[in-house]
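Taking the hints into account, I'd like the entire structure generated from these sequences.
Going line by line, the protein sequences match chains A and B.
Sequence positions in the first sequence follow full-length UniProt numbering and run 1 to 314.
Sequence positions in the second sequence follow full-length UniProt numbering and run 1 to 456.
Hints are computed from structural coordinates only; laboratory data are not their basis.
Bear in mind that the values here come from a model prediction, so they are computed numbers and not experimental data.
Careful, some of the hints might be misleading.
To be verified - Derived DEER-like restraints, expressed as beta-carbon distance ranges:
#: 1; chain 1: B; residue 1: N451; chain 2: A; residue 2: V59; range: 22 to 28 angstroms
#: 2; chain 1: B; residue 1: E240; chain 2: A; residue 2: L298; range: 45 to 51 angstroms
#: 3; chain 1: A; residue 1: G157; chain 2: B; residue 2: E240; range: 52 to 58 angstroms
What the hints assert, rightly or not - Residues from chain A that face chain B, not an exhaustive set, calculated with beta carbons under 8 angstroms:
#: 4; residue: V152
#: 5; residue: V168
#: 6; residue: N169
#: 7; residue: V173
#: 8; residue: D206
#: 9; residue: P264
#: 10; residue: N281
All C-beta atoms, glycine included, are put in the ideal place defined by N, C-alpha and C.
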Amino acid sequence: MTVTSPPAPAGVVPTGRRRPAGRRATRVNAGQSRYGYLFVSGYTLLLIAFGLLPTLYAVYLAFTRNGAFVGVDNFVRVFNDYRFLPAVAHVALYVLFWLVSLIVFVVILAIVVHGIRVRWLGNSARFLFYIPGAIAGASSVLLWLFVLDPTVSPVSGLLHAMGYESLVNVVAVGNLPVVFTVIAFWAGAGGWIVIMYGALNNISTDVMEAARIDGASHVQTAWHIQLPMLAKWISYMGIMSLAAGTQLFVEPKILAQATKNVVPEDYSLNQLAYLYAFRQNDFSGSAAISITLLVVALGLSTVFIFRGKLFERD
Amino acid sequence: MSQPMSPRRRSVRFLSVAAAAAAGLLALSGCSTSDTGGGDSTYGFTQAEQVADSEITVWVDASREPAVTAFEKAHPDIKISYETYDGSAGGSGSFQSKIALMDQAGEGWPDVVFSTQQNDAIWASKPTAGGEQGFAAPLNKGFLDQDFLDGFAAGSLDYATIDGTVYGLRNDLAQTVFYYNQKLLDEFGYDVPTTWEEYAELGDKLAAEHPGYILGSMGDSFMTYVYYGGSESPVFQSPEAGVFHSDTSDEHAQKISKIIDGMLANGTLVQDSFFSADFAAKYADKLVGVPGPVWYTGAIFQGGLAVPAGQIGVAPPLKWADGDVAAGNVGGGQWYASSHSKNLAAVKTFLEFVTSADEFQVDASSGYPAYTDAATKWLAKQAEAGYFVNDDFQTVMSDAATEVWDGWNVTSWSPETAWAKVVIPGIAAGETVESLLPAWQKELENEATVNGYTVK
Numbered sequence: 001m002t003v004t005s006p007p008a009p010a011g012v013v014p015t016g017r018r019r020p021a022g023r024r025a026t027r028v029n030a031g032q033s034r035y036g037y038l039f040v041s042g043y044t045l046l047l048i049a050f051g052l053l054p055t056l057y058a059v060y061l062a063f064t065r066n067g068a069f070v071g072v073d074n075f076v077r078v079f080n081d082y083r084f085l086p087a088v089a090h091v092a093l094y095v096l097f098w099l100v101s102l103i104v105f106v107v108i109l110a111i112v113v114h115g116i117r118v119r120w121l122g123n124s125a126r127f128l129f130y131i132p133g134a135i136a137g138a139s140s141v142l143l144w145l146f147v148l149d150p151t152v153s154p155v156s157g158l159l160h161a162m163g164y165e166s167l168v169n170v171v172a173v174g175n176l177p178v179v180f181t182v183i184a185f186w187a188g189a190g191g192w193i194v195i196m197y198g199a200l201n202n203i204s205t206d207v208m209e210a211a212r213i214d215g216a217s218h219v220q221t222a223w224h225i226q227l228p229m230l231a232k233w234i235s236y237m238g239i240m241s242l243a244a245g246t247q248l249f250v251e252p253k254i255l256a257q258a259t260k261n262v263v264p265e266d267y268s269l270n271q272l273a274y275l276y277a278f279r280q281n282d283f284s285g286s287a288a289i290s291i292t293l294l295v296v297a298l299g300l301s302t303v304f305i306f307r308g309k310l311f312e313r314d
Numbered sequence: 001m002s003q004p005m006s007p008r009r010r011s012v013r014f015l016s017v018a019a020a021a022a023a024g025l026l027a028l029s030g031c032s033t034s035d036t037g038g039g040d041s042t043y044g045f046t047q048a049e050q051v052a053d054s055e056i057t058v059w060v061d062a063s064r065e066p067a068v069t070a071f072e073k074a075h076p077d078i079k080i081s082y083e084t085y086d087g088s089a090g091g092s093g094s095f096q097s098k099i100a101l102m103d104q105a106g107e108g109w110p111d112v113v114f115s116t117q118q119n120d121a122i123w124a125s126k127p128t129a130g131g132e133q134g135f136a137a138p139l140n141k142g143f144l145d146q147d148f149l150d151g152f153a154a155g156s157l158d159y160a161t162i163d164g165t166v167y168g169l170r171n172d173l174a175q176t177v178f179y180y181n182q183k184l185l186d187e188f189g190y191d192v193p194t195t196w197e198e199y200a201e202l203g204d205k206l207a208a209e210h211p212g213y214i215l216g217s218m219g220d221s222f223m224t225y226v227y228y229g230g231s232e233s234p235v236f237q238s239p240e241a242g243v244f245h246s247d248t249s250d251e252h253a254q255k256i257s258k259i260i261d262g263m264l265a266n267g268t269l270v271q272d273s274f275f276s277a278d279f280a281a282k283y284a285d286k287l288v289g290v291p292g293p294v295w296y297t298g299a300i301f302q303g304g305l306a307v308p309a310g311q312i313g314v315a316p317p318l319k320w321a322d323g324d325v326a327a328g329n330v331g332g333g334q335w336y337a338s339s340h341s342k343n344l345a346a347v348k349t350f351l352e353f354v355t356s357a358d359e360f361q362v363d364a365s366s367g368y369p370a371y372t373d374a375a376t377k378w379l380a381k382q383a384e385a386g387y388f389v390n391d392d393f394q395t396v397m398s399d400a401a402t403e404v405w406d407g408w409n410v411t412s413w414s415p416e417t418a419w420a421k422v423v424i425p426g427i428a429a430g431e432t433v434e435s436l437l438p439a440w441q442k443e444l445e446n447e448a449t450v451n452g453y454t455v456k
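The structure is reproduced here in structure tokens:
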């Protein structure tokens, strides 16, 4: 399995159509469809080489040990590891915090920004939201290291007021789901706000005008019209973020390094898989964790897909 | 997805092209066999094919960069490139994880690696998961001259020696001693403590009479060696290969934990890391005394805290009032050579240079050299500079080197991670070390189990 920073999809192929309202797709001719293949071929090749084949290799590793078939032994060994259940709990809590905050705040912020009538203000707000997303995964964590350390933080006053005197206090294991949520939200939400904004623009002005004429307030419009019409996009965001969230790795890895393991090096499942592979030389155990992670992420994504009606056409 | 007109033939052709391309990609990126000629095994390992004058790659931590710079100056004819990494500090295991990746890839190994940890020979000497030759090259089977190896302080190569084969060269010795600030002691009218009990009493007096002054810090995970190794607490023992033993309920472990708790409570032990951004600003003129390894000389007193000459003294390591003198050991890095190197001649020159040449060990290294000739010169240099207040600091330091407690062992993982995971956040949250001892022991035993050790 690949170990990637959050924004990358994990074995989940984006299935949402780019233009939900399009009806033109039915008039595609042979020439256009040839170009269609051309456009997806690059992605498909890379997906096979770096997504599908490694996954199959991981499946092979997970059920074998030194080349011999061992059934579910690797899974049993990994599940009995004293670090496994805490790691599951850590990741689950983080994903919960992150998904909820992402869905709630991204939708609210997108609707608010969309509602801003002053053109330059709306544009600047979107731009501002988007900027942090331009900082790549690992470097954004480094940046947060400084923000979170009360001895050097620009917001040290706030941290002291919350009772934190040192970095060790701030990154106590109990605080980590919130810390990682804040980091991930800061880096990832902007991009989603821009996407949601685009989706809001796609809602027909006729519908919005009708609502206004009927006397719907902003809140009513948002609740009864914009939200239901955004449902697919929210599911899409949920799937992508879930896949990235369960793969939590870069943030705890860098914090572990920076705090000399006060943030434990076995905090998340991917870190545990990493330790198995590269510290214990146990690639089979590592593969077992990865496959488990894949199965869970696929299962949860399925829920999002069907609940969010992602595969249904308008 | 709507794809109304998609001739089946075309998709079949497309799929076969895609499959062929994927196969090509695989062949390009796939595992190539590591058969590169060579094969000479006179040095106790199978050499790679040697390429004369090829560039060697060296991994060092930031503190060892001067070693590379000094080498480049002394040997401009040898091509060398270096990368800095964390040196596996804090038991991060970076060295091992990176090498495991390269073992898997079958290429890309560095030629020389410096590690701050003592335990790397345990894994680096073993064959890889794929059954290939381990990373670390045996050094005493003909690769390095025995005369040169004999130049290291007695016992200093033990950590990296497995079944009589030496796999790593010790950079510096790291026995603990007790450092004190004579100026502050005179000002306050205190004596230098010689026992752990006196250390605790000094803490009580200092806290009562001169609050704000300190006797050390618990903010770094290597304090586990200073306070538990140095107090003969049987917390981290491997009496035989593959066996682990830890007993935090032992009398020494209990006593030292109570002392630490008392001093944390009265503020004479702080929780800031010695290497944190503002340690120097907060405590440079507040550190009255501290037990610590001899490399504190350069790394803490002359470096971070920049204490001028003529203030600091060195006393023997603290002991129990009813016990013998015993020193802890805090690291003292190791240099490893790669068994896959394509330029062993240059590697040999480099290893001999960084461990024994004056240009690094005497002039630029912060620690107490493990190579005896260099150590003598390093001590003479400190004496000449008049850095320490006591004239006998040379004998204090060299005696302590022979008094390192043998009840603290190395295993394939680092004792620092459990301390960092359990104790540091625990005391930061206001718990006592004594109350954390069972959890700490449990974590150590769990780590032992997942690393394949039997807990006894």
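Hints and how they fare:
no.: 1; hint: B:N451 / A:V59: 22 to 28 angstroms; in the structure: 27 angstroms, holds
no.: 2; hint: B:E240 / A:L298: 45 to 51 angstroms; in the structure: 46 angstroms, holds
no.: 3; hint: A:G157 / B:E240: 52 to 58 angstroms; in the structure: 55 angstroms, holds
no.: 4; hint: V152; in the structure: 5 angstroms, holds
no.: 5; hint: V168; in the structure: 4 angstroms, holds
no.: 6; hint: N169; in the structure: 5 angstroms, holds
no.: 7; hint: V173; in the structure: 7 angstroms, holds
no.: 8; hint: D206; in the structure: 25 angstroms, violated
no.: 9; hint: P264; in the structure: 5 angstroms, holds
no.: 10; hint: N281; in the structure: 4 angstroms, holds
Checked against the numbered hints given earlier, this structure breaks only hint 8.
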